[in-house]
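Residue-level listing of the chains:
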Amino acid sequence: MPRLDGTDIETHNLGGNFSFTGARIAGLGATEYTLVDIEVDMSGSVSPFLSDLIAMIKASVEACRKSPRSENLLVRVAAFSSSYPGGINEVHGFIPLASVDQTAYDRLSAGGGTPLFDACYVGVGAANAYAKMLFDQEFNANGISFFITDGEDTGGAASPAMIKAEIARATKEEFLESHVSILIGINAAACTAALGRFQKEAGITQYIDAGDVTKGKLAKLAAFVSQSVSSTSQALGTGGPSQAIAATI
Amino acid sequence: MRFTVDHSFHIGSQHLRGGMPCQDYALSHTDSDFFAAAIISDGCSSGGKTDVGSRVVAHSTLTAIIENPHLDERSIDRHCHDRDRRAMMALCLKPEDMLATSLYIAIWGDRAISRVVGDGVIAAVHRDGRLVMNKIDWANNMPVYRAYERRDNYRDFISAHGGPDALGFSQHVVSWDGEFSLPHPVEAGLVGTSIDHDLQMFRLIAVFSDGVTQVDGMDWREVVTQLMSFKSTGGAFVKRRMLRFLKDCQAHGKGPIDDIAMACIHIDHEAE
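Residue numbers (this note's numbering), protein chains in the order written: chain B, 1 to 249; chain X, 1001 to 1272.
Please note: incorrect hints may appear among the correct ones.
As the list claims (entries may be wrong) - With a cut-off of at most 27 Å between alpha-carbon atoms, the simulated DSS-like pairs for lysine-lysine come out as follows:
id: 1; chain 1: B; residue 1: LYS132; chain 2: X; residue 2: LYS1247
id: 2; chain 1: B; residue 1: LYS172; chain 2: B; residue 2: LYS66
id: 3; chain 1: B; residue 1: LYS200; chain 2: B; residue 2: LYS66
id: 4; chain 1: B; residue 1: LYS164; chain 2: B; residue 2: LYS215
id: 5; chain 1: B; residue 1: LYS172; chain 2: X; residue 2: LYS1049
id: 6; chain 1: B; residue 1: LYS132; chain 2: X; residue 2: LYS1231
id: 7; chain 1: B; residue 1: LYS172; chain 2: X; residue 2: LYS1094
id: 8; chain 1: B; residue 1: LYS164; chain 2: B; residue 2: LYS132
id: 9; chain 1: B; residue 1: LYS132; chain 2: B; residue 2: LYS172
id: 10; chain 1: B; residue 1: LYS217; chain 2: B; residue 2: LYS200
id: 11; chain 1: X; residue 1: LYS1094; chain 2: X; residue 2: LYS1049
id: 12; chain 1: B; residue 1: LYS132; chain 2: B; residue 2: LYS215
id: 13; chain 1: B; residue 1: LYS220; chain 2: B; residue 2: LYS200
id: 14; chain 1: X; residue 1: LYS1247; chain 2: X; residue 2: LYS1231
id: 15; chain 1: X; residue 1: LYS1231; chain 2: B; residue 2: LYS172
If you're looking for bench data, these hints aren't it; they were derived computationally from the structure.
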């Protein structure tokens, strides 16, 4: 198991002001990995349910530990808000589940606008870049990205076209055997149409409106995330994406 | 100095299509800085349940190596026979189930040896990257198995090869400055062929089953060269290399026709 004390984590630039981190590949032991990227909205509007949202992230990650494929998951969690420098706060890069420190999520705070496009662009770009590094070292990989938001993009550097190009590159170059991206709206009834439009423009696989925030809904969302991760990971090696992921939460 | 080890085995297309089990097996073990062993075993297709036999042979061999810190080959053999016999009794295996080769590399302290009882390939990469390969072949695809010693002290085997002096097996050496073959009498290969390695010279030593000689559309030298071209040497490095190799094979052929196995020791000379 890698020691994630800083020496086993590497930082990689994505171009522009964007970067991400990941476990040093020489320290990884398995033959294949599913890259799981979770981008969570930390704009000011999530303040009323911030603690429930953090609990949902924890529950998602915790549920992944119970997956039969838990040893083959590398999980990255990032928060996005215009209050962060560059709009993205990477809580941790792609690391094995055993190395995830759940208390790090407690340090997230809400505020600022919603650089949703930047988060999606960096999330898919990080998965692509890390997958290429894995591929070059003969690991097989596939990926799943979740973008959880309660509102529309309020400005940033990336555009839906840039995200679409990055998503297309994900499987075209074959570094990722398959890649699924899911945009999830929570408390987002007012902007469902806009998010649906964004999903199509950006080429995101699926948009799911999770409805209003309640503890029960967020628990279901956590279960959905972990089940989707498990399903994606089990599909690794088959050459295709996972079985159809439920469109409702 | 630090050792990392890994192994991989894969069913060939012939056995896969015929609903047969994979009769190759591989095993590796290390304590990181003093001991390392990498073993493969190839069960005879016309034997009995040699998929089980090859596993027993590999595990017996590993245990015997661990029990013999001075790497005395004959002592290792005695311990192997002892373990094989006990496993056969415990699992009600028949002599024909145990017809399986045994190829291993073992490192204890500063001594390293490789040994072939049967057929297959030993390959080593020098610290400067040069590759040397040593293939052991038996005539008429009839390799020696250590089970023959227990059965009749090799009598039928020697007879099948035309007597103890018949040139029944050969050694084919390929290195950066050429290649040559040496025929040997049957008698010389009965208890196996051993090579002492200068540990300081190499960074990778591996053993392969004869499956490397039966990869569709590829020469065995190319197969071994590709399988020794590791991109990294951590964790499941042999499995990763084998899986990528098998995937690449699909682009220009059917891949391994026979089962294929390899086990490798990586020697990190820089590690403290």
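Results for each hint:
1. At most 27 Å may separate the alpha-carbon atoms for a hinted pair to count; LYS132(B) and LYS1247(X) meet this at roughly 17 Å.
2. Between LYS172(B) and LYS66(B) the CA atoms are separated by roughly 31 Å; this puts the pair beyond 27 Å, and the hint is violated.
3. With a C-alpha separation of about 33 Å, the suggested pairing of LYS200(B) with LYS66(B) is violated against the 27 Å cut-off.
4. In summary, the hint linking LYS164(B) to LYS215(B) is not supported, as the alpha carbons are separated by about 33 Å, beyond the 27 Å threshold.
5. Proximity of LYS172(B) to LYS1049(X) is assessed by CA-CA distance (about 45 Å); at most 27 Å being required, the pair is judged violated.
6. A hinted pair counts as satisfied when its Cα atoms are at most 27 Å apart, and LYS132(B) with LYS1231(X) qualifies at roughly 13 Å.
7. A distance of roughly 53 Å separates the Cα atoms of LYS172(B) and LYS1094(X); the hinted pair therefore is violated under the 27 Å criterion.
8. Restraint check for LYS164(B) and LYS132(B): satisfied, since their Cα atoms lie roughly 18 Å apart, inside the 27 Å limit.
9. At roughly 12 Å between alpha-carbon atoms, LYS132(B) and LYS172(B) fall within 27 Å of each other, so this suggested pair holds.
10. Only pairs whose Cα atoms come within 27 Å are accepted, and LYS217(B) paired with LYS200(B) is accepted, the gap being roughly 25 Å.
11. The suggested pairing of LYS1094(X) with LYS1049(X) holds, with an alpha-carbon distance near 8 Å, which does not exceed 27 Å.
12. Of the pairs offered as hints, the one joining LYS132(B) and LYS215(B) is violated, with about 38 Å between alpha carbons and a cut-off of 27 Å exceeded.
13. With a C-alpha separation of about 25 Å, the suggested pair LYS220(B) and LYS200(B) falls inside the 27 Å cut-off, and the hint holds.
14. With a C-alpha separation of about 15 Å, the suggested pair LYS1247(X) and LYS1231(X) falls inside the 27 Å cut-off, and the hint holds.
15. Restraint check for LYS1231(X) and LYS172(B): satisfied, since their Cα atoms lie roughly 23 Å apart, inside the 27 Å limit.
Comparing the model with each numbered hint stated earlier shows that hints 2, 3, 4, 5, 7, 12 do not hold.
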